[in-house]
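Quick note, the sequences are listed as chains A and B, same order. According to our numbering, the stretch in the first sequence is residues 707 to 1100, in order. According to our numbering, the stretch in the second sequence is residues 707 to 1100, in order.
There could be a bad hint or two in this list.
Copies of one chain are not kept apart here, so a pair can be met inside one copy or by any two copies together.
Unchecked claim - Capping the alpha-carbon separation at 20 Å, the derived lysine-lysine pairs in PhoX-like fashion look like this:
(1) K902 - K708
(2) K789 - K1036
(3) K802 - K972
(4) K820 - K1036
Keep in mind that the hints were calculated from the coordinates and are not lab data.
Protein chains: 2
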Amino acid sequence: MKTLPLPKGFSAAGIAAGIKQGGGKDMALIVSDVPAVSAAVFTTNQIKAAPVNWDIQVVEHLGARAIVMNSGNANACTGSQGKNDVETTAVLTAAKLDVEPNEIFVCSTGTIGKPLPMDQITGGIETLFDHLSPQHANNAAEAMMTTDLAPKSLTTEINIRGKPVRITGLAKGSGMIEPNMATMLAFVLTDAAVEKHALQCALRFATDSSFNRITVDGDQSTNDSVIALANGLAGNELLTQDSEEWNLFFQTLEKMLFKLAMMIVKDGEGATKVVTIRVIGAASNGEADEAARAVANSMLNKTAWAGERPNWGRIMDAIGYSHAQVQEDKVDITYEAAPAVRGGMAFLETPEEELVNVVSQEAFTIHINLNLGGGEAVVYTCNCTEEYVRINVE
Amino acid sequence: MKTLPLPKGFSAAGIAAGIKQGGGKDMALIVSDVPAVSAAVFTTNQIKAAPVNWDIQVVEHLGARAIVMNSGNANACTGSQGKNDVETTAVLTAAKLDVEPNEIFVCSTGTIGKPLPMDQITGGIETLFDHLSPQHANNAAEAMMTTDLAPKSLTTEINIRGKPVRITGLAKGSGMIEPNMATMLAFVLTDAAVEKHALQCALRFATDSSFNRITVDGDQSTNDSVIALANGLAGNELLTQDSEEWNLFFQTLEKMLFKLAMMIVKDGEGATKVVTIRVIGAASNGEADEAARAVANSMLNKTAWAGERPNWGRIMDAIGYSHAQVQEDKVDITYEAAPAVRGGMAFLETPEEELVNVVSQEAFTIHINLNLGGGEAVVYTCNCTEEYVRINVE
């Protein structure tokens, strides 16, 4: 695997600390040489894992120095013990860097309800620091994986008034992905100098148009977190929302999160297809979103796509029971460019094979026009195969 | 198979009319010798099949004489052609009985978006009348099946002031079952004399506590209908909600619909377990219902049960993202009598094996106490196996 370049002043490590059953890398560390401006977006699940509650405080702090994470155990529903364990993890990591614990983000992903194995975590932190290197971002991405088939990372460079700025993204997530980022973690690292409020806005917007638009099984997790660190070592003039280069920076960030989100959908447990559901003509954007998610989360649709059958009746059914207002005889459905439904009925001039050809592709878009108003939304999902069930039964 | 006894004055038929691919019985007819009082509950899907829209008018009529149904084709999303086809079906059936078309209920279940094959329907109606007999209720139940593994029917007798009264129920449904009766049909036939308004109330209440409490895959269909016919031939004094025997009649009806609903859950596509989710202590009954359905519809829970793993973390996760108010440290979860979670955390005194034993049973109840208020709800669901996906992919 090609080494994933990190932005200036960042180093990373990923090691096997013995938390995951069956071995494999399960702890990662990302360190910035200097205090970084941070931003974060967290799960909206009412039940938040201990590390999420910790990180909600860390992001309020002005400078952050590191992210330490483990896979194999979510440290969720673990009460005061879980809270103590996060704190211990932060304290130990902070001590190695000679900084305050509230400069350390802590993330966990894995099984809910079991206490963190603190012997492994403690030993793991030691080992992580031994392996810390600007060359080890790949290892960190690998340690983030749970049921993921492949690590997910990207890096890109932009030029801000002659200063090269690098942005690197690492993500994990495959099953249990729904609105608001279920069981997914993403870390965005940049050497850009960015004003804190601007970074927070950018991360929120970019998350809403990427991770919050994908859905694998409609479940949301207790641990979802997107964390960004910007350490300013690129030496650019501080970026704010008023900067001339703000759009370039924001769009680069947005594009990166979108690509990472697509990697997650593609890696949906047992998934073999990426399906884009685009709804227009809804009474409002919110209703378009409701309709798109009803279609995207319907097991009957996800299994039909797995069988490479268009089955637009299941789409009509799903929008009909969604919370979006729907008028049957106004609905148009189009598979890529092939009209399937016009005025709520089969468009017979399109031969069935043409629709079958669309859903046989590895990626396709279904356009749904409710013809009621100007509301629009798009949601990205995947098909559901027997493999999904096999993975989750086990 | 034992002959299913019908109430006085009812006869039935079930035949293969050539609508279903691969043959098999696909049309049923139920006739009352005299006009019957009718009641009905229909799908809340905004997209209703043509027969549902027809039946909404039939139930307003004072006397009904027959139900004619087909499986293999839903006659949904079929526009004015679909509307005409229902009317033709009713007209042909009515002509055989020398009654008005608006005395005929028409039901369909099967694929959405294809026009009814009217040659088969027309021929089928002829054949159905040739086979009509008080002994043929089993055939009718069989003709209602789509992906059902077994026909679902029950009959029971009660005594109302010395008059024996019989109630017979026939149902179909397996996948795509959610709140509000998705892709399920049920017919309740009785020779009791019942006042129309009372019968409608009884059917609505009994449906809410039975068919509307089961969920297989969270999808709702365009065709769900529960129809009751009461022809009065038992000769009892007219039952009203003020009758002394009203409770006996209502509870018998309710028990029957509940048993039929359980037969449907048990027959959930690829399902091998019936799981009861009972939520108490919610802020309101509505919120209890939201929490229970979030758990019951979560693929992560349904697959965990298939794997016979308690995995209460997935329950915590589901109630956390439900629309019910939840406070993590107040949540108690109990598997049958075994405490699994107390105060939002693992109850360690219960050995894991005890929880595994519960979820290894063919039927079990999970009790969730949110400890926030007096709201309660119960939902019945099933596990999800690879077989479910296989069935729906095909």
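Tested hints:
no., hint, result
1, K902 - K708, "neither (32 Å within a copy, 75 Å between copies)"
2, K789 - K1036, "between (53 Å within a copy, 17 Å between copies)"
3, K802 - K972, "neither (38 Å within a copy, 57 Å between copies)"
4, K820 - K1036, "between (51 Å within a copy, 18 Å between copies)"
Hints 1, 3 from the earlier list are contradicted by this structure; the remaining hints agree with it.
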